[in-house]
Amino acid sequence: MDPITLGVVALMGAAATIAGAAEDLESDIGSQSNPNSQVQLAPQMGHLHRMINKAASGEPVSYGVWCGTAGAIAALAMSAVHIPVIAIAIGSTVAAFVHAIYTVTSHLGRIVGQSQFEQPLFMDVLTQSLGPIAAHGFIASFGIVGMSYLMTLPLDGLGHPFPLPLLAMLWGITIGAIGSSTGDVHYGSESEYQKFEYGGGTPVAIQGDIVTKAPTGAKNSIDVGNFCAKYGGPLTGFCFGLIVFVSFWITLVFGTVPGQIVGIVIIVLLILGNMYLEKFARTKFGPYEE
Amino acid sequence: MELISLITLVILIVAGGICIGGGVHFIPVGGAPAAMSTATGVGTGTAMLAAGAGLTGLITAASMTGQAWYLVALAGAVGAMLMMGITMLIANFVYIFGVGIVPASSKASIDPITKLDQDPYKTPGTEGHGVPTVCFVSGIIGALLGGAGGGLVYFAVDSFASASPVLSGVNATAAAGLAAIVSVGIFFINSVAASYNIGGTIEGFHDPKFKRIPKGILASAIMSLVAAIFVILMLGGI
Numbered sequence: 008m009d010p011i012t013l014g015v016v017a018l019m020g021a022a023a024t025i026a027g028a029a030e031d032l033e034s035d036i037g038s039q040s041n042p043n044s045q046v047q048l049a050p051q052m053g054h055l056h057r058m059i060n061k062a063a064s065g066e067p068v069s070y071g072v073w074c075g076t077a078g079a080i081a082a083l084a085m086s087a088v089h090i091p092v093i094a095i096a097i098g099s100t101v102a103a104f105v106h107a108i109y110t111v112t113s114h115l116g117r118i119v120g121q122s123q124f125e126q127p128l129f130m131d132v133l134t135q136s137l138g139p140i141a142a143h144g145f146i147a148s149f150g151i152v153g154m155s156y157l158m159t160l161p162l163d164g165l166g167h168p169f170p171l172p173l174l175a176m177l178w179g180i181t182i183g184a185i186g187s188s189t190g191d192v193h194y195g196s197e198s199e200y201q202k203f204e205y206g207g208g209t210p211v212a213i214q215g216d217i218v219t220k221a222p223t224g225a226k227n228s229i230d231v232g233n234f235c236a237k238y239g240g241p242l243t244g245f246c247f248g249l250i251v252f253v254s255f256w257i258t259l260v261f262g263t264v265p266g267q268i269v270g271i272v273i274i275v276l277l278i279l280g281n282m283y284l285e286k287f288a289r290t291k292f293g294p295y296e297e
Numbered sequence: 070m071e072l073i074s075l076i077t078l079v080i081l082i083v084a085g086g087i088c089i090g091g092g093v094h095f096i097p098v099g100g101a102p103a104a105m106s107t108a109t110g111v112g113t114g115t116a117m118l119a120a121g122a123g124l125t126g127l128i129t130a131a132s133m134t135g136q137a138w139y140l141v142a143l144a145g146a147v148g149a150m151l152m153m154g155i156t157m158l159i160a161n162f163v164y165i166f167g168v169g170i171v172p173a174s175s176k177a178s179i180d181p182i183t184k185l186d187q188d189p190y191k192t193p194g195t196e197g198h199g200v201p202t203v204c205f206v207s208g209i210i211g212a213l214l215g216g217a218g219g220g221l222v223y224f225a226v227d228s229f230a231s232a233s234p235v236l237s238g239v240n241a242t243a244a245a246g247l248a249a250i251v252s253v254g255i256f257f258i259n260s261v262a263a264s265y266n267i268g269g270t271i272e273g274f275h276d277p278k279f280k281r282i283p284k285g286i287l288a289s290a291i292m293s294l295v296a297a298i299f300v301i302l303m304l305g306g307i
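Residue numbers (our numbering), protein chains in the order written: chain W, 8 to 297; chain S, 70 to 307.
Incorrect hints may appear among the rest.
Unchecked claim - No farther apart than 20 Å at their CA atoms in a straight line, the calculated lysine to any residue pairs in the SDA-like style are these: (1) K184/S / F287/W; (2) K184/S / L18/W; (3) K184/S / D216/W; (4) K184/S / T223/W; (5) K286/W / I179/S; (6) K226/W / F252/W; (7) K184/S / F203/W; (8) K176/S / T223/W; (9) K184/S / E204/W; (10) K286/W / K176/S; (11) K291/W / I76/S; (12) K176/S / G268/S; (13) K291/W / D188/S; (14) K202/W / T192/S; (15) K220/W / P241/W; (16) K237/W / L158/S; (17) K280/S / L302/S; (18) K280/S / A290/S; (19) K226/W / Y295/W; (20) K226/W / D131/W; (21) K202/W / F166/S; (22) K291/W / G169/S; (23) K280/S / I301/S; (24) K226/W / F245/W; (25) K176/S / P210/W; (26) K278/S / I179/S; (27) K202/W / T223/W; (28) K237/W / A221/W; (29) K202/W / A212/W.
It is worth saying that the hints were derived from the structure and are not from the lab. Since this is a predicted model, take the numbers as computed values, not measurements.
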């Protein structure tokens with residue numbers, strides 16, 4: 008085991024953690040994932056809102072596009088500037104512009120589509136949210152492309168055969184799937200329905216009745232980011248960082264074949280851990296009363 | 070190219086496609102309702118979660134480029150299972166500590182693995198929530214099949230492309246990149262078709278919708294066969 012390679016893998020895990028947290032918070036502020044169905048439904052149920060609504064594409068595919076764009080531009084820029092960190096920043100900046108254009112067009116399109124339910128288009132909502140969305144998207148792209156670049160370094164145990172843009176695109180799709188599966192649940196189940204009692208799922212009867220008021224004034228997408236940054240976002244980052252780190256750590260430390268056996272042992276531990284967690288929750292919360 | 074390598078390529082791609090298409094049926098996805106804790110499973114789409122796991126498997130499988138086919142498939146399976154396992158566990162952390170609910174299945178009144186009753190722990194008005202143990206194990210099996218299938222397709226196309234006269238004189242990265250793109254394509258073809266067969270959400274192997282798997286596997290085999298023919302034509306095999 009080469010300690011330098013192990014350090015690089017740890018750095019990849021750290022970059023993935025930051026990218027994962029930023030990705031989830033961006034998708035919460037931009038309301039891009041499955042919980043957006045409630046933002047879309049709210050005006051039909053008579054709840055007008057000041058939320059961004061840009062789920063014209065699924066989160067994994069769109070992050071595949073942005074990270075792939077950032078990776079492709081970074082690969083091109085590396086031949087010109089020869090300083091990887093600057094090349095990656097250039098690539099991520101271009102991706103952030105693409106992201107901003109997508110946000111404007113998809114938000115305008117979706118909100119205008121809701122005008123039949125008297126949902127107004129608030130231009131100040133769009134302008135105040137555009138910066139945080141593009142900035143979080145930049146951090147996510149930078150982390151993903153940086154991590155992908157580290158994977159391609161010609162070090163013992165690394166040196167991945169895929170080209171940088173392809174790796175960035177694949178990891179982009181993966182982080183989109185992870186963010187959509189983990190942190191966005193905090194947005195959809197809790198932030199959108201915070202006015203209902205804690206400790207329950209969302210019954211079909213109350214769907215669309217999302218929170219539209221904040222402690223002062225109307226609730227907006229930045230409030231969602233503040234809420235989710237306390238739990239869903241960091242947990243998504245931890246999840247993605249752990250996946251990236253463990254995937255490479257097992258083969259690096261234990262070797263090619265024993266590493267796979269260690270991987271299977273970790274998977275068994277995950278199943279047992281989930282069983283323990285489920286039993287803990289049942290004991291802690293108890294059943295619902297009839 | 071020899072006839073045997075053509076036949077091997079087709080067999081590996083079709084076998085990989087069947088693994089991917091079949092594996093997607095095991096993955097517990099609740100779609101948008103699960104993101105609001107209104108349905109059991111992971112809160113995202115079938116094809117997307119399968120693709121996320123499968124592509125992680127593809128990246129770990131490609132780390133084994135040059136090794137035997139079974140090692141490439143094993144690395145793909147382990148990578149995909151790790152992604153799926155960690156994602157489902159962290160999702161349950163969000164459900165339990167973020168939303169304050171207990172993972173509960175709606176398709177099984179008693180979890181066939183833990184023997185725990187499910188109905189009293191479902192929020193009234195919902196169809197369950199979270200990822201209970203039976204769904205978790207089903208998801209791991211789905212990731213195993215999906216990751217191994219992706220690894221098989223990658224191994225087949227990479228081996229074939231490396232020997233192809235079309236790519237002679239080009240560096241090995243081009244063959245690996247082409248194999249990766251073809252693998253991603255075949256992965257999406259099979260996972261999207263499987264998600265149509267499922268028709269929305271599925272909890273795993275205990276869900277009545279799981280009985281649709283034979284049709285899904287047949288469709289995957291046919292689609293993968295057609296894809297294999299295109300791969301052969303693309304690489305100048307005939």
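Pairwise hint evaluation, D131/W against K226/W, where the allowed Cα distance is 20 Å at most: holds (13 Å)
Given pair status - P241/W, K220/W, alpha carbons within 20 Å: violated (25 Å)
Holds or violated: K184/S to D216/W, with C-alpha atoms at most 20 Å apart: violated (36 Å)
Satisfaction of hint between T223/W and K176/S, Cα-Cα up to 20 Å: Not satisfied, since the Cα-Cα distance of roughly 43 Å exceeds 20 Å.
Agreement of K286/W and K176/S with the hint, judged by alpha carbon distance not exceeding 20 Å: holds (19 Å)
Restraint check for K280/S with I301/S, where alpha carbons must lie at most 20 Å apart: Not OK: K280/S and I301/S at ~33 Å, beyond 20 Å, violated.
20 Å Cα cutoff - pair K280/S, A290/S: With a Cα-Cα distance of about 17 Å, the restraint between K280/S and A290/S holds, given a limit of 20 Å.
Distance restraint between K226/W and F252/W, which requires alpha-carbon spacing of 20 Å or less: With a Cα-Cα distance of about 37 Å, the restraint between K226/W and F252/W is violated, given a limit of 20 Å.
Given hint T223/W paired with K184/S - CA-CA distance at most 20 Å: violated (48 Å)
K237/W paired with A221/W [C-alpha distance capped at 20 Å]: holds (17 Å)
20 Å Cα cutoff - pair K184/S, F203/W: violated (31 Å)
Distance restraint between K237/W and L158/S, which requires alpha-carbon spacing of 20 Å or less: At roughly 19 Å apart (the allowed maximum being 20 Å), L158/S and K237/W satisfy the hint.
Hints 2, 3, 4, 6, 7, 8, 9, 11, 15, 17, 19, 23 and 24 from the list above are not met by this structure, while the remaining hints are.
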